Amino acid sequence: MTRYFAILPAIFIVAIASSSSHSSEAAPEYVVQDGQVDKATFNGYRRFHGTCHACHGQDALGGSFAPSLVESLKTMDYEAFKQTVLEGRQVTDASGAVNAMPSFGNDKNITKHLDDIYRYLAARSDGVLDPGRPPKLPKPK
Amino acid sequence: MRKPFARCLVSATLGMLAIGLSQAHANDEVKELAADPANWAMQTGDYANTRYSKLNEINIDNAKDLQPVWTFSTGVLRGHEGGPLIIGDTMFLHTPFPNRVYAMDLNEEGRIKWMYEPKQDPSVIPVMCCDTVNRGVAYAEGKVFLHQADTTLVALDEKTGEVIWSVKNGDAGKGETGTAAPMVYGDKVFLGISGGEFGVHGHITAYNIADGSLAWRGFSTGPDDMTLMDPENTTHLGQPVGKDSGTATWEGDQWKIGGGTTWGWFAFDPEENLVYYGTGNPSTWNPVQRPGDNRWSMTIFARDIDTGMTRWVYQMTPHDEWDYDGVNEMILVDQEMEGEMRKTLVHFDRNGFGYTMDRVTGELLVAEKYDPVVNWATHVDMKTGRPQVVAEFSTHQNGEDVNTTNVCPAALGTKDQQPAAYSPQTGLFYVPTNHVCMDYEPFEVEYTAGQPYVGATLSMFPGGRVSGDGTDNLGNFIAWDAAKGEIKWTIPEAFSVWSGALATAGDVVFYGTLEGHLKAVNAHTGEELYRFKTPSGIIGNVTTWEHQGKQYIGVLSGLGGWAGIGFAAGLTGDTDGLGAVGAYKSLSSYTSLGGVLTVFAL
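Note that the protein sequences, when read in sequence, are chains S and B.
Each residue of the first sequence is one higher than the one before, starting from 1 at the first, in this note's numbering.
Each residue of the second sequence is one higher than the one before, starting from 1 at the first, in this note's numbering.
In isolation and in its complexed conformation, chain S is listed as follows (with noise of 0.2 Å):
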């Protein structure tokens, strides 16, 4: 489905991410049309690019690090999502090694744009956007 809309040439995608019913706050829309993205969700690409992929791999696609972006947005809401960059989470897994994602929530490179790299990530999640540095969308007139 994703794939179908990606391909349609003029259709202008703007994805309700929220899809829990429990959110308190809407969750932040991306905007992207034939491949090129909203001057936000560009923004989320390049401060995802500048922090978070150290861990969770170029385009979000995860590595050996840290999950794939791309799927755990498909389960994670806006408020969760919100909640783990701020609060920062610790799992020990069946080995008993630790996996630790920090908060980032006194880092202002990451509080100061935070509904931009959600907008940047749901739209890879949702298969709406390739891999790669997004084409920036024409100012609009």
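Just so you know, the hints here were simulated from the structure itself, not pulled from any lab data.
There may be inaccurate statements among the hints.
[Unchecked claim] Taking lysine-lysine and the DSSO-like style, the derived pairs with C-alpha atoms no more than 30 Å apart in a straight line are: (1) B:Lys54 x S:Lys112; (2) S:Lys39 x S:Lys136; (3) B:Lys168 x S:Lys108; (4) B:Lys174 x S:Lys82; (5) S:Lys108 x B:Lys256; (6) S:Lys108 x S:Lys74; (7) B:Lys256 x S:Lys112; (8) B:Lys159 x B:Lys113; (9) B:Lys550 x B:Lys31; (10) B:Lys550 x B:Lys533; (11) B:Lys533 x B:Lys54; (12) B:Lys484 x B:Lys54; (13) S:Lys139 x S:Lys112; (14) S:Lys39 x S:Lys82; (15) B:Lys174 x S:Lys108; (16) B:Lys159 x B:Lys54; (17) S:Lys39 x S:Lys108; (18) S:Lys139 x S:Lys108.
[Unchecked claim] Looking from chain B toward chain S, a few residues come up when the C-beta cut is under 10 Å (computed): (19) Val76; (20) Cys130; (21) Glu197; (22) Glu441; (23) Thr448; (24) Ala449; (25) Glu486; (26) Gly560; (27) Ser592.
None of the values given here were measured: they were computed from a predicted structure.
For each residue, glycine too, the CB sits at the ideal point set by N, CA and C.
Following the hints, complete the assembly by docking chain B onto the known chain S.
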């Protein structure tokens, strides 16, 4: 008049005695251990960092008959850099976080004598930019030295694994972490620090082996009393550095969060009494935010072993715009340069230039590209030492929020920390390399202590995409003539070669690949003699030793590190249909995580 003179003489004599004593002391033990090729007594093989062994049972003719003889799982999954130490009948083996140390009995195929695992706050894990790697332990005077992820340096009793002393080298809360191997020389243990992506203030520190007390600390940036520089007598390419050179090329207080970390390997010259190492990138990765040369990031340092005072420096990449850390190892080799024997230092920098310097004076002798695809600079001006930056590839000149494309090498460097080897028999250097280029877009970031301070977006791809030669390999293993600055032969590898090399008197050179192969090649021609697929990708360094008259080869597998994190999921997703993209993505179809030591013999 006479009296003060006499007193002067006495104190001078005492001083010399003291120096003589300290040098004759612990030095001898480690030096003697390292001189016996049956041992592998320090991570770098010897003080000169040659990673050369005089063992020759395994040679060009019989290397094909190598086989694995025993293996050992470390019980840890993350990236395994460095390698084991072998002292007599005992092997000391480290792991990435949680930083276990195993003492193993070589008489019983590595039966565990003791295991040490420190208690560390897991919050240090995500502060490590490029995986929770550790590059190994050091040994001296019955003590095993471990540099933990949280920057604690511990001295363990060689017999029991009990902690003799422990000292904290940094603050993980500020993003300071420990990955570099400690190195022992004389009565001191030398320690670097990591955290260039967190705006830390880099330094090298010497601790006294006896009790862990601080001997000296030299910062990479700052006023002279912090950098341990003498404005008149410390030189940069023969010229005095001048007063407070470590702050003069920074704006305001930026040098305090200026990076210049020291997570590579250290080399020691007993005759000159100097320790050599390189410093890392200036923080942030956005060059526009930190105008100036940013001295002394990206610099080769030569410091007095006893006092830390800087004899000479050479800044390879002034005002870095690409993250070309200068931390790679310095290999100390005496070679004939244009008919004259010189005491040289050879260094393969992340920036793609192979440097040969006079290690006594700091004179620059050779600076040549060791991968032809390197394009960010045309050449190094041999008078000023400055790389001649190509405007098209200057991320500063292009500016913030502009994507500078097709820069070679990528931030990974033409080579990262994985050390090269040198064979005195062939006179060649054997260098594991990356063949990767990048797009780099700097943008403004704010500094918060303990938080990432990066400020650039990168994407990486095979060098062939820039050279246009139709290749898609991401790495090469090369032989290099450092007197001429020429590549002698090249073995293309599908992935970056992220494993440290070993050269041997049998004229066999060893290295590992990210797919997990241990390879043995002919030191003269590069012809492959043997390969074996180990359980995981290799980013460890190959080691050799002799036990009960037999030569062994050992290597840690365990995919991870920068290569492992970035590559496992596919390095770039650009939709230009290049076959190479597929190649990147396929690393996960060759191998998976897992720390295992594999030991080979004939």
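Quick rundown of the hints versus the structure:
1. This hinted pair does not check out: lysine 54 (chain B) and lysine 112 (chain S) have alpha carbons roughly 58 Å apart, beyond 30 Å.
2. Simply put, lysine 39 (chain S) and lysine 136 (chain S) have alpha-carbon atoms about 7 Å apart, close enough for the 30 Å limit, and the pair holds.
3. With a CA separation close to 29 Å, the supplied pair lysine 168 (chain B) and lysine 108 (chain S) stays within the 30 Å bound.
4. Among the hinted pairs, lysine 174 (chain B) with lysine 82 (chain S) is consistent with the structure: their alpha-carbon atoms are about 23 Å apart, no more than 30 Å.
5. For the given pair, lysine 108 (chain S) sits about 20 Å from lysine 256 (chain B) by alpha-carbon distance, which is consistent with the 30 Å threshold.
6. In summary, the hint linking lysine 108 (chain S) to lysine 74 (chain S) is supported, as the alpha carbons are separated by about 26 Å, within the 30 Å threshold.
7. About 25 Å separates the Cα atoms of lysine 256 (chain B) and lysine 112 (chain S), which keeps this hinted pair within 30 Å; it holds.
8. The straight-line distance between the Cα atoms of lysine 159 (chain B) and lysine 113 (chain B) is roughly 8 Å, inside the 30 Å bound, and the hint therefore holds.
9. For the suggested pair lysine 550 (chain B) and lysine 31 (chain B), the alpha carbons sit about 22 Å apart, so the restraint of at most 30 Å is met.
10. Proposed proximity of lysine 550 (chain B) and lysine 533 (chain B) is supported: the alpha carbons are some 22 Å apart, at most 30 Å.
11. For the suggested pair lysine 533 (chain B) and lysine 54 (chain B), the alpha carbons sit about 26 Å apart, so the restraint of at most 30 Å is met.
12. For a cut-off of 30 Å, the pair hint linking lysine 484 (chain B) to lysine 54 (chain B) stands: about 25 Å separates their Cα positions.
13. At roughly 22 Å between alpha-carbon atoms, lysine 139 (chain S) and lysine 112 (chain S) fall within 30 Å of each other, so this suggested pair holds.
14. Between lysine 39 (chain S) and lysine 82 (chain S) the alpha-carbon distance is near 21 Å, which keeps this suggested pair within the 30 Å criterion.
15. Simply put, lysine 174 (chain B) and lysine 108 (chain S) have alpha-carbon atoms about 15 Å apart, close enough for the 30 Å limit, and the pair holds.
16. Restraint check for lysine 159 (chain B) and lysine 54 (chain B): the C-alpha separation of about 28 Å stays at or below 30 Å, so the hint holds.
17. Under the criterion of a C-alpha separation no larger than 30 Å, the hint pairing lysine 39 (chain S) with lysine 108 (chain S) is consistent with the structure, at around 19 Å.
18. Pair hint lysine 139 (chain S) plus lysine 108 (chain S) holds up; C-alpha atoms about 26 Å apart against a cutoff of 30 Å.
19. Taking 10 Å as the C-beta cut-off, the interface hint given for valine 76 (chain B) holds, the closest approach to chain S being about 7 Å.
20. About 7 Å separates the beta-carbon of cysteine 130 (chain B) from the nearest beta-carbon of chain S, less than 10 Å, and the hint is met.
21. Of the supplied interface hints, the one on glutamate 197 (chain B) holds, with its beta-carbon coming within about 7 Å of a beta-carbon of chain S, less than 10 Å.
22. Interface restraint check: glutamate 441 (chain B) against chain S, minimum CB-CB distance 7 Å, threshold 10 Å, status holds.
23. Taking 10 Å as the C-beta cut-off, the interface hint given for threonine 448 (chain B) holds, the closest approach to chain S being about 5 Å.
24. Because the closest C-beta pair between alanine 449 (chain B) and chain S is about 9 Å apart, less than 10 Å, the hint holds.
25. Proximity of glutamate 486 (chain B) to chain S is violated relative to the hint, the smallest CB-CB distance being about 35 Å (cut-off 10 Å).
26. A hinted interface residue such as glycine 560 (chain B) counts as satisfied when its beta carbon comes closer than 10 Å to some beta carbon of chain S; here the least separation is about 6 Å, so the hint holds.
27. Here the hint on serine 592 (chain B) is kept, as its CB sits about 8 Å from the closest CB of chain S, short of 10 Å.
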